[in-house]
Structure formats: C-alpha cells, structure tokens
Amino acid sequence: MKIAIMVIFLGLIGYLLEQQRHIKFLKKVNFNQETRHIMEKHEVYLLKHQIDTYVYSLETLGYSQDKISKGDYTRHEPSPEHLQKILEGFQRNQSIYRSKNIQFETELELRGVEQ
Numbered sequence: 017m018k019i020a021i022m023v024i025f026l027g028l029i030g031y032l033l034e035q036q037r038h039i040k041f042l043k044k045v046n047f048n049q050e051t052r053h054i055m056e057k058h059e060v061y062l063l064k065h066q067i068d069t070y071v072y073s074l075e076t077l078g079y080s081q082d083k084i085s086k087g088d089y090t091r092h093e094p095s096p097e098h099l100q101k102i103l104e105g106f107q108r109n110q111s112i113y114r115s116k117n118i119q120f121e122t123e124l125e126l127r128g129v130e131q
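Position one of the sequence shown corresponds to residue 17 (the working numbering), numbered consecutively onward.
Each hint should be verified, as a subset may be incorrect.
[As the list claims (entries may be wrong)] Derived CB-CB ranges, DEER-like:
| hint | residue 1 | residue 2 | range |
| --- | --- | --- | --- |
| 1 | Ile67 | Ser115 | 33 to 39 Å |
| 2 | Leu28 | Lys116 | 46 to 52 Å |
| 3 | Lys64 | Thr122 | 18 to 24 Å |
It should be emphasised that the hints constitute simulated quantities derived from the structure, not laboratory data. We treat Cβ as the ideally placed atom computed from N, Cα and C, and that holds for glycine.
Build out the structure end to end from the sequences listed, making use of the hints.
Structure below.
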C-alpha cells in the first residue's frame with residue numbers, strides 16, 4: 017500500500033514538473049510570436065512608407081499616381097506652391113517614419129532581440 021502511494025506521489029510530482037516545463041515553453045513561444053508580429057507590423061509600415069516616397073517622387077516630377085493608375089501618363093509641371101506642399105508633407109512623413117523606427121528599435125531592444 018505504501019509503495020502504491022509513493023508511486024502515485026512521485027507520479028504527481030513528475031506531472032507537476034512537466035507542466036512547469038510546458039508553461040515555460042508556451043511562454044517562450046508566445047514571446048517569439050509577439051516579437052514576430054511586431055516585426056511584421058513594422059515591415060508593413062516600411063512598405064507603406066516606401067510607397068508614399070514613390071508617390072511623392074511622382075508628384076514632384078509632375079505625375080499623378082491616380083492618373084497613372086487610369087493609364088494617363090501625361091506630365092503636368094507642378095507649381096512652386098504645390099512643390100512646397102509636397103515637400104512639407106514628405107518632411108512630416110519622414111519625421112513620423114524616424115519616430116516609428118526609433119520606437120521599433122527600442123521595442124526590440126527591450127525584448128532582447130539583437131538587430
């Protein structure tokens with residue numbers, strides 16, 4: 017009887033230790049998934065920023081993305097006021113981009129991910 021109780025007791029201890037190991041494993045997997053989602057979100061943001069940069073380049077050269085999408089490749093010389101507006105919008109987006117990039121790098125550094 018004592019042997020059966022000891023076997024059950026040791027089995028329960030083994031089960032608890034295995035559950036602790038499994039919890040640590042799941043926490044690590046969750047941490048890695050969260051890190052991957054942060055990186056994917058930043059990559060999507062970088063692609064959107066790159067597209068915006070191309071749009072600004074087209075507008076600076078006198079083309080319109082909407083017209084190009086419709087098949088109209090005519091060039092219209094932008095006015096100096098329009099160029100100034102384009103430049104201000106681009107500089108504003110560059111500032112936001114730098115802030116988001118610093119935020120991303122800080123978040124990865126806090127997570128212990130080396131770049």
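Structure-based check of all given hints:
1. Ile67 - Ser115: 33 to 39 Å: violated, 19 Å
2. Leu28 - Lys116: 46 to 52 Å: Hint holds: Cβ distance 50 Å, inside 46 to 52 Å.
3. Lys64 - Thr122: 18 to 24 Å: Because 20 Å falls inside the window, the suggested range holds.
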